[in-house]
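Visitor: Each chain is listed here by its residues.
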Amino acid sequence: MGGPEVERLIGLLARLPGLGPRSARRAALKMLQQPEARMLPLARALADAARAVRPCRQCGNLDSRDPCGVCADPQRDRGSICVVEGVGDLWALERAAVHRGLYHVLGGTLSALGGTGPEDLNTAPLLARVEQGEVTEVILALGATVDGATTAHWLTERLRKLDSQARITRVGQGVPIGGALDVLDDGTLAAALRGRRAF
Amino acid sequence: MEWEAPAIVLAARAHSEGDALVTVLTEGHGKHNGLARGGASRTQASTWQPGNLVQARWVARLAEQLGSMTAELVHPGAALAMDEALSLAILSSACAVADGALPEREPHPRVFAGLVQLIAGLAREADALTDLVRWEAVLLAELGYGLDLTACAVSGATAGLAWVSPKTGRAVSDAAAGEWRPRLLRLPGFLAGGNTADFEDWRDGLKLTGHFLARDAFGHQHRPLPAARHMLYDRVLTLASPD
Numbered sequence: 001m002g003g004p005e006v007e008r009l010i011g012l013l014a015r016l017p018g019l020g021p022r023s024a025r026r027a028a029l030k031m032l033q034q035p036e037a038r039m040l041p042l043a044r045a046l047a048d049a050a051r052a053v054r055p056c057r058q059c060g061n062l063d064s065r066d067p068c069g070v071c072a073d074p075q076r077d078r079g080s081i082c083v084v085e086g087v088g089d090l091w092a093l094e095r096a097a098v099h100r101g102l103y104h105v106l107g108g109t110l111s112a113l114g115g116t117g118p119e120d121l122n123t124a125p126l127l128a129r130v131e132q133g134e135v136t137e138v139i140l141a142l143g144a145t146v147d148g149a150t151t152a153h154w155l156t157e158r159l160r161k162l163d164s165q166a167r168i169t170r171v172g173q174g175v176p177i178g179g180a181l182d183v184l185d186d187g188t189l190a191a192a193l194r195g196r197r198a199f
Numbered sequence: 200m201e202w203e204a205p206a207i208v209l210a211a212r213a214h215s216e217g218d219a220l221v222t223v224l225t226e227g228h229g230k231h232n233g234l235a236r237g238g239a240s241r242t243q244a245s246t247w248q249p250g251n252l253v254q255a256r257w258v259a260r261l262a263e264q265l266g267s268m269t270a271e272l273v274h275p276g277a278a279l280a281m282d283e284a285l286s287l288a289i290l291s292s293a294c295a296v297a298d299g300a301l302p303e304r305e306p307h308p309r310v311f312a313g314l315v316q317l318i319a320g321l322a323r324e325a326d327a328l329t330d331l332v333r334w335e336a337v338l339l340a341e342l343g344y345g346l347d348l349t350a351c352a353v354s355g356a357t358a359g360l361a362w363v364s365p366k367t368g369r370a371v372s373d374a375a376a377g378e379w380r381p382r383l384l385r386l387p388g389f390l391a392g393g394n395t396a397d398f399e400d401w402r403d404g405l406k407l408t409g410h411f412l413a414r415d416a417f418g419h420q421h422r423p424l425p426a427a428r429h430m431l432y433d434r435v436l437t438l439a440s441p442d
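Residue numbers (my numbering), protein chains in the order written: chain A, 1 to 199; chain B, 200 to 442.
With the rest of the complex left out, here is chain B (with noise of 0.2 Å):
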């Protein structure tokens, strides 16, 4: 068994003394985990790092089995992240939750894309944080769960949509809101179809679909969602509201 194809670097996990057991997404064969030999070696343990574009190349004797992975690195993500610490605490939370939520070996090219986009435009930390949110979003369609934010749920209306049910993640319209909007979780505009954002906007969409990812796609594994998850929306939380 064998295959190559470019792949994102989602964790390195030491093992023995030089190895490390590497999970990777890629485009048709989903997340993937396989053994690196030397992955944690001076020489390679550059190209293991979350985040990172490979060109990757698994084989195994059995398609059971863990099977090697070796890989050349194609794009530098981690490494272009690391001085800014909004891009790092977007990288890595992006790489540990497509690394928890994700069933092995089963593609979700949109998730991938989504990635590939995500990482190639972290440098523009603020639309990045624009493309993390579509991203979960997507994400959690490709697990089955996604949000319903084409009309309200309500009344049936598709303008002034501002609300999201925590129960159903179908969007409410804020005159159908009601006494239920304390309630609600906050839609933010470019969700719902607008382009501007801002860090309030980017802590309601973080907080949007952490809901969703929190209670489905982890909370039906019985795991919580990843630390750094938690980082980031802190980090985003103290950037929406400085004092």
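Excised from the complex, chain A in its bound form (with noise of 0.2 Å):
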């Protein structure tokens, strides 16, 4: 069907993130059919970021900058920090606009299972810029789950080792906007309830 190029197409298009088969056949289709609006103009994108994007040296982000343009962009606040687990998770919270200091990427989370070890991740850089004096707080905005919370106490307390004064805050968990509490699942009701505040 379409020769030996059509195919390999086909099955690089269905190695991505929510594409299979049948979704990467009609994405080939399209392009095929319009190579010059689609298909070409898709292929330099796609060299041009191979070729540029780097991840940054100071906060693991990925841009074409290094450093990336968040730090170095001068209206961050560079007193704040927040450490992510990957750079999609860097993404959503500056798609939301939420956190005006800068980010580090951890690059994964510890993992029995997974393999993933504390010298996998990338903790040398965030531990040299707490160190300096200049940060004073940490947040630490790592997934709710086993994984998660293991790395955020072993980060924690890898932290707390260094000379400096910065505060080191972690992401509330609890009832998610919209949501109705006889819906929640036992565990995220428990975290709801022990992280209450004064209101």
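Certain hints may be false.
As the list claims (entries may be wrong) - Here are some chain B residues pointing at chain A (derived, C-beta under 8 Å):
{"id": "1", "residue": "Arg212"}
{"id": "2", "residue": "Gly217"}
{"id": "3", "residue": "Leu220"}
{"id": "4", "residue": "Pro275"}
{"id": "5", "residue": "Ala277"}
{"id": "6", "residue": "Asp282"}
{"id": "7", "residue": "Leu287"}
{"id": "8", "residue": "Ala295"}
{"id": "9", "residue": "Ala375"}
{"id": "10", "residue": "Gly377"}
{"id": "11", "residue": "His421"}
{"id": "12", "residue": "Pro425"}
{"id": "13", "residue": "Ala427"}
{"id": "14", "residue": "Asp433"}
Read the hints as simulated data drawn from the structure, not as lab findings. Only a predicted model underlies this, so the values are computations on that prediction, with no experimental measurement involved. Backbone N, C-alpha and C fix where the C-beta goes; we use that ideal spot for every residue, glycine too.
These two chains come separately, so use the hints to put the complex back together.
Guide: Next comes the structure, spelled out in structure tokens:
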């Protein structure tokens, strides 16, 4: 069907998140029907991104500049660092525009099953930045999973050993906006009640 | 083929985009794997956290198939342990050890009951460490590597037991230990009938069961002790000797 080039294209597209073989075939067909309008610009954009985009040496964000756009922005609050698991989490927080400080991308969480140990996480630049003394708050925005919580405890211990006055906080856990209590699982309810605050 | 039973989630590994390969421990079916469709999704991921007690249902066309697993949360053990570093370390270690050491589909009711008791008592961190060491000793016994802590291997005495032979797993009294003392493993009092324990006792207990888990339960599978077990030992070691 269409020769080895088309099969290879479909095979590569099908490996992307959100795409299966059927949707990969549809995407490939759409591009092949309009190569000038869709395929070649996409190919150029892919090649440009692959050539230019690199992890930021300060925070681990993906950007064509190093330091990245967030780290280089003079308007950012340099005293606050939000620690996230992956670049996707950083992008989510940026979309919401709720954090005006800097970020640090760990590149994963400690995981006994996944074989991810402390040496696999991008922690050294974070510890170095906090130790320099300019940072006043480290916000741990890691997932509410066993691995995320294990990583948060481990990182907190490392940060507390530093000669720094930085406050260590973590994002709240509990009732989602628009959520009703009666449909929440017991664990979320327990976390929400534990994390209650004066109103 | 089908069964439904109370179960403890031991592990959940992401599979494809939204599914998860899950491992649970049940009383009657032992350690059991299954495919949880949507198990890594936003709605189900909280159910499949290691340490949760669930009502699990497994269905497959043939007994030897992986089968699919669904579950309803009964007790959120993982969420309740997340705030306390030691509780979380105990829970992660127990789940990782059970996942790695137990054979598939072989019932071990004592191991299941001990793990349920451990999870239920996690809020009492100190007692939980005692429960964990005792549970690991039960696990070793269930796998055929039980420790013999009833009498001294040298003199036959039943009092003053303070050491364990790292070769045989048999207790040795302090009086009979003699020049072998540096080569023996310390037997914490709570494993020899005592009721109280401190961080040094828990450190010794974890070192004792850890030695036999590493040599026998995991060593015979040519696998190392899980990283979570090492992290727990390191944490207790720090608490036992803060300086």
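Visitor: So, for every hint listed, does it hold in this structure?
Guide: Quick rundown of the hints versus the structure:
1. Annotation: Arg212 of chain B was flagged as interfacial toward chain A, and the flag holds, the nearest CB pair being 6 Å apart, inside 8 Å.
2. Taking 8 Å as the C-beta contact cut-off toward chain A, the hint placing Gly217 of chain B at the interface is violated, the least distance being around 10 Å.
3. A least Cβ separation of about 10 Å between Leu220 of chain B and chain A goes past the 8 Å threshold, and the interface hint is therefore violated.
4. Because the closest C-beta pair between Pro275 of chain B and chain A is about 3 Å apart, less than 8 Å, the hint holds.
5. Proximity of Ala277 of chain B to chain A holds as hinted, the smallest CB-CB distance being about 5 Å (cut-off 8 Å).
6. Annotation: Asp282 of chain B was flagged as interfacial toward chain A, and the flag holds, the nearest CB pair being 7 Å apart, inside 8 Å.
7. Checking Leu287 of chain B against chain A by beta carbon gives a least distance of about 6 Å; that is within 8 Å, so the hint holds.
8. Taking 8 Å as the C-beta cut-off, the interface hint given for Ala295 of chain B holds, the closest approach to chain A being about 5 Å.
9. For Ala375 of chain B, the interface hint is violated, the least distance from its beta-carbon to any beta-carbon of chain A being 39 Å, above 8 Å.
10. Restraint check, Gly377 of chain B versus chain A: the minimum CB separation of about 40 Å is more than 8 Å; hint violated.
11. Annotation: interface hint on His421 of chain B violated; nearest CB of chain A at approximately 16 Å, more than 8 Å.
12. Contact between Pro425 of chain B and chain A, as hinted, is supported at the beta carbon level, the nearest pair being about 5 Å apart and thus within 8 Å.
13. The interface hint given for Ala427 of chain B holds, since its Cβ lies 4 Å from the closest Cβ of chain A, which is under the 8 Å cut-off.
14. The interface hint given for Asp433 of chain B is broken, as the beta carbon of that residue sits about 10 Å from the closest beta carbon of chain A, more than 8 Å.
Figure legend: structure checked against the earlier numbered hints; hints not met, in rising order: 2, 3, 9, 10, 11 and 14.
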